[in-house]
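Visitor: So the protein lines, in turn, are chains U and Y. Just remember that the numbering used here sits 443 ahead of the position in the first sequence, which is counted from 1. Just remember that the numbering used here sits 291 ahead of the position in the second sequence, which is counted from 1.
Since the hints were made in silico from the structure, they are not lab data. Mixed in with the good hints there might be a few duds.
Each computed DSSO-like pair below joins lysine-lysine, with the alpha-carbon atoms no more than 30 Å apart [stated by the list, open to error]:
#, chain 1, residue 1, chain 2, residue 2
1, U, Lys771, U, Lys849
2, U, Lys1064, U, Lys1212
3, U, Lys1030, U, Lys935
4, U, Lys848, U, Lys1030
5, Y, Lys343, U, Lys699
6, U, Lys935, Y, Lys343
7, U, Lys1162, U, Lys1145
8, U, Lys801, U, Lys849
9, U, Lys482, U, Lys699
10, U, Lys976, Y, Lys334
11, U, Lys1030, U, Lys1212
12, U, Lys771, Y, Lys334
13, Y, Lys343, U, Lys848
14, U, Lys801, U, Lys1071
15, U, Lys482, Y, Lys343
16, Y, Lys343, U, Lys771
17, U, Lys1145, U, Lys1064
18, U, Lys509, U, Lys482
19, U, Lys482, U, Lys848
20, U, Lys1212, Y, Lys343
21, U, Lys1134, U, Lys1145
22, U, Lys1135, U, Lys1145
23, U, Lys482, U, Lys849
24, U, Lys1162, U, Lys1064
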Amino acid sequence: MMATSIVEPQTTVPSPRSHHVERLEPLEDFSYDDAIVRKFVTATVLWGLVATLVGLLVAILLVMPKLLEPLGWSSQFLTFGRLRPLHTNAAIFAFAGNSIFAAIYYSTQRLCKARMWSDTLSTLHFWGWQLVILLAAITLPLGITQSKEYAELEWPIDILIAVVWLGFFGGNFMMTLIHRRERHLYVALWFYIATIVTVTVLHVFNNLVIPTGIAKSYPIYAGVQDAFMQWWYGHNAVAFFLTTPFLGLMYYFLPKAAERPVFSYKLSIIHFWSLTFIYIWAGPHHLHYTALPEWASTLGMLFSLMLWMPSWGGMINGLLTLRGAWSKVSSDPVLKFFVVGITFYGMSTFEGPMLSIKSVNGLSHYTDWTIAHVHSGALGWNGMMTFGMIYWLLPRLYQAPLWSKKLAEWHFWLGTMAILLYIVPIYIAGLTQGLMWRAMDDMGRLSSPDFIEAVRASVPLWWFRVGGGAMFVTGIVLMVINHLMTWTHRPKVYDVPVYSARRLAPMPSVPTEIDTPTPTSTLQNAPVLGVAKTLDSWSNMTWHRRWERLPIRFTMFVVVSVVVASLFEIIPTFLIRSNIPTIATVKPYTPLELAGRDIYVSEGCYNCHSQMIRPIVAETKRYGEYSKPGEFIYDHPFQWGSRRIGPDLAREGGRQSSLWHWLHFENPQQVVDGSVMPAFTHLLETSIDFKKVADRVWAANKLGAPYDRELTEGPAMAKQQAEEIAAQIVSQGGPVMRTIEGGKTLLRMDSQAVALIAYLQRMGIDLFKPLDAPEQPATPTPVPAVAN
Amino acid sequence: MLSDLVRAIDYSDCAEVALVLFCVAFALMSYATLRLTRQATDKFASIPLSDKIQDPRVDLRNE
Chain U
444 MMATSIVEPQ TTVPSPRSHH VERLEPLEDF SYDDAIVRKF VTATVLWGLV ATLVGLLVAI
504 LLVMPKLLEP LGWSSQFLTF GRLRPLHTNA AIFAFAGNSI FAAIYYSTQR LCKARMWSDT
564 LSTLHFWGWQ LVILLAAITL PLGITQSKEY AELEWPIDIL IAVVWLGFFG GNFMMTLIHR
624 RERHLYVALW FYIATIVTVT VLHVFNNLVI PTGIAKSYPI YAGVQDAFMQ WWYGHNAVAF
684 FLTTPFLGLM YYFLPKAAER PVFSYKLSII HFWSLTFIYI WAGPHHLHYT ALPEWASTLG
744 MLFSLMLWMP SWGGMINGLL TLRGAWSKVS SDPVLKFFVV GITFYGMSTF EGPMLSIKSV
804 NGLSHYTDWT IAHVHSGALG WNGMMTFGMI YWLLPRLYQA PLWSKKLAEW HFWLGTMAIL
864 LYIVPIYIAG LTQGLMWRAM DDMGRLSSPD FIEAVRASVP LWWFRVGGGA MFVTGIVLMV
924 INHLMTWTHR PKVYDVPVYS ARRLAPMPSV PTEIDTPTPT STLQNAPVLG VAKTLDSWSN
984 MTWHRRWERL PIRFTMFVVV SVVVASLFEI IPTFLIRSNI PTIATVKPYT PLELAGRDIY
1044 VSEGCYNCHS QMIRPIVAET KRYGEYSKPG EFIYDHPFQW GSRRIGPDLA REGGRQSSLW
1104 HWLHFENPQQ VVDGSVMPAF THLLETSIDF KKVADRVWAA NKLGAPYDRE LTEGPAMAKQ
1164 QAEEIAAQIV SQGGPVMRTI EGGKTLLRMD SQAVALIAYL QRMGIDLFKP LDAPEQPATP
1224 TPVPAVAN
Chain Y
292 MLSDLVRAID YSDCAEVALV LFCVAFALMS YATLRLTRQA TDKFASIPLS DKIQDPRVDL
352 RNE
């Protein structure tokens, strides 16, 4: 490394207005740590490629569900249900995560005029985060999951995330703020503070679990409460992981690239506090028409609508920052990416509140409309802002000109067109699904009674998505090439400017005019009430500017605004008994059903099937009685899902015979023509680990299930029920055993499929049981005709 | 005593109280932000434009 020294003049500093001489701190030499930024940028580029490739693969699997079957035994790790969480986690935590870390490490040092407090913590953060991503890439295909969207990772990884996020990253960031040399905390830093504290709170409270092993745990919340916590987390993960840090990125890198200050600093302050105040309330809009209490759902909608104003304020602030610089946009790919990114921010933040309106949500929820919305935000806002930042950073980090500006331009146009090619067909698919699900004829019957009809209508549109996805991946490949070639042109030794400056002195006891105006009211001599004078003084914002300079206090205020808002929603949901009325006939799951439920979770069935019938006529006609909060009190974790690629399963119990389910797992297309579900033959060929049933029963009991004999005889009871289910299958025409690899045979009663069938046959039947009726497995309907 | 207090609280009011709290906080914050001087906002907005060290004592000297 080559050091370039930049020395600041040394003077004592009298303040003529305040007649105050500030004590000078000693001069210090420092340089910015760009090596850590280079690491995070490289990780962003690589994980961006991986995340989008996995996304492309899951998109292909929806139109070609048998694509990976030739892989045989290993195809069980590559099903849609297991890969979809890998795609979302890679996109959010690997691609967007590394991107925001690159942005934060680069901009924080320069905004604070200080090197990151600890290079060791920076390095630990980088490698710790990559380890988290690697563990996610290993565990999710193995079916090790908590099944909560964007919080699928199991408890040991959750602990690692907490240590890396708060211990390494948060600690290093806060200490850098404390040791900064710029008095004012620029607004981008506020967004970073909000990101760090809120994500910590969300992560910790949504992941409170009872572990039963190194790779298995159960959330302490059940049913409605678990759903509430999950979507409080899920929505705010979008808000505080995919929005606030990217706004910080926007407020720093956009002025840098445009070489002009942000259009309105006042607007940026209002933007920040509005988002911090409002976002945290909006989570319940993900649970409209579900068993969530009505008041919580309405409150979520109301606050979501309020988000329109600050979000659009932010977008306008971003776009108007380019006033007078629009000529640059035509020639600078960085600004092009930023303009499209900010525009997508505006589109997504318009659409999000619109989707939170109950009547709109009734149509859009569980359909591909949500998927289109998410991708317009993730690809358009997060993706384009990241790409813009990377192209701006590459020449500065590698101290060499960008290898090919033309390639960057190609990336921009390919990416933009790819997003449109992706989202437009998926919007159409979402609308088609929503309208087909609810359509009824003049006689009040469902026009499309078979769920598969909407799937068949969607498949051609899903093919367009594959095309759009492939184009987006191609754009990222161009960026990888540009990154690699720019890196190869780097100097042998990086030039590292060394700055020489003083530390910040303690806050002056006498306020200075610019930094801390004296809080006197302009109404001092006016004939008005004292309250008016106080309000006038208060509104001079002296107090706010003092907070801004005290990072710990400022952080505490952010925490308070987030926590207070959360508690107003969470406490009532957890404390009012009327929110979750119990149902006398709803009993805990049997040991075998618990084992089956674990398989349902592990296979990621919730990625395609909901378990929540909304009180909407078309839905009760299709699926049966709408879901009640009391039906889910033993559900750890809840399995309501968020989309329906397949039909809702809330009342699946007794709907089909056990043999039908067996055949469905073996080859879905043989019982449902046109099904896009993959085969789950491994469930037919893998035996149940009955020993683990005891742990599962213990956990359910600890979480409130009133078990008795199950606690000591759980495995034996599970075997007995498995024999009964297997007998049912055999009596319905199924074989007694199955030949598996190596010529061995597996008795039907020992296969995992039987446990899963036990769980499926239990779904939603308790509500209709007479009081004090003995536990009976659901009565199967006649065996349907098999296609082949 | 504490349990009596908790039992006496009507949680259904939480939503309305929260809405009022939010509106008050938002109104005060907006009003206060709009009162910021142009001089201050221009200074703050220019921070990211330069990586040069802006020692705050320079501000005092330049007054």
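Visitor: Check whether the Cα positions of Lys482(U) and Lys848(U) lie no farther apart than 30 Å.
Guide: This hinted pair holds, its Cα atoms lying about 22 Å apart.
Visitor: Is it true that the CA of Lys343(Y) sits at most 30 Å from the CA of Lys771(U)?
Guide: holds, 24 Å
Visitor: Take the C-alpha atoms of Lys509(U) and Lys482(U), compute the straight-line distance between them, and say whether it is at most 30 Å.
Guide: With a Cα-Cα distance of about 38 Å, the restraint between Lys509(U) and Lys482(U) is violated, given a limit of 30 Å.
Visitor: Take the C-alpha atoms of Lys801(U) and Lys849(U), compute the straight-line distance between them, and say whether it is at most 30 Å.
Guide: Since the Cα atoms of Lys801(U) and Lys849(U) sit roughly 46 Å apart, the hinted pair is violated (cutoff 30 Å).
Visitor: With the threshold set at 30 Å, check whether the alpha-carbon distance from Lys1135(U) to Lys1145(U) stays at or below it.
Guide: holds, 16 Å
Visitor: For the pair supplied as a hint, Lys976(U) and Lys334(Y), confirm whether the alpha-carbon distance does not exceed 30 Å.
Guide: The given pair, whose Cα atoms are some 27 Å apart, holds under the 30 Å limit.
Visitor: Please verify whether Lys482(U) and Lys699(U) have alpha carbons no more than 30 Å apart.
Guide: Judged against 30 Å, a Cα distance of about 21 Å means the pair holds.
Visitor: Does the alpha-carbon distance linking Lys482(U) and Lys849(U) stay inside the 30 Å limit?
Guide: Holds - the C-alpha atoms of Lys849(U) and Lys482(U) are around 25 Å apart, at most 30 Å.
Visitor: Within a Cα-Cα threshold of 30 Å, do Lys935(U) and Lys343(Y) meet the stated pairing?
Guide: Holds, at roughly 26 Å.
Visitor: What's the verdict on Lys771(U) and Lys334(Y), does the C-alpha distance respect the 30 Å limit or exceed it?
Guide: holds, 24 Å
Visitor: Does Lys343(Y) lie within 30 Å of Lys1212(U) when you go C-alpha to C-alpha?
Guide: violated, 74 Å
Visitor: CA of Lys343(Y) to CA of Lys848(U), is that 30 Å or under?
Guide: Since the Cα atoms of Lys343(Y) and Lys848(U) sit roughly 28 Å apart, the hinted pair holds (cutoff 30 Å).
When held up to the earlier numbered hints, the structure conflicts with 3, 4, 8, 17, 18, 20, 24 and fits the remainder.
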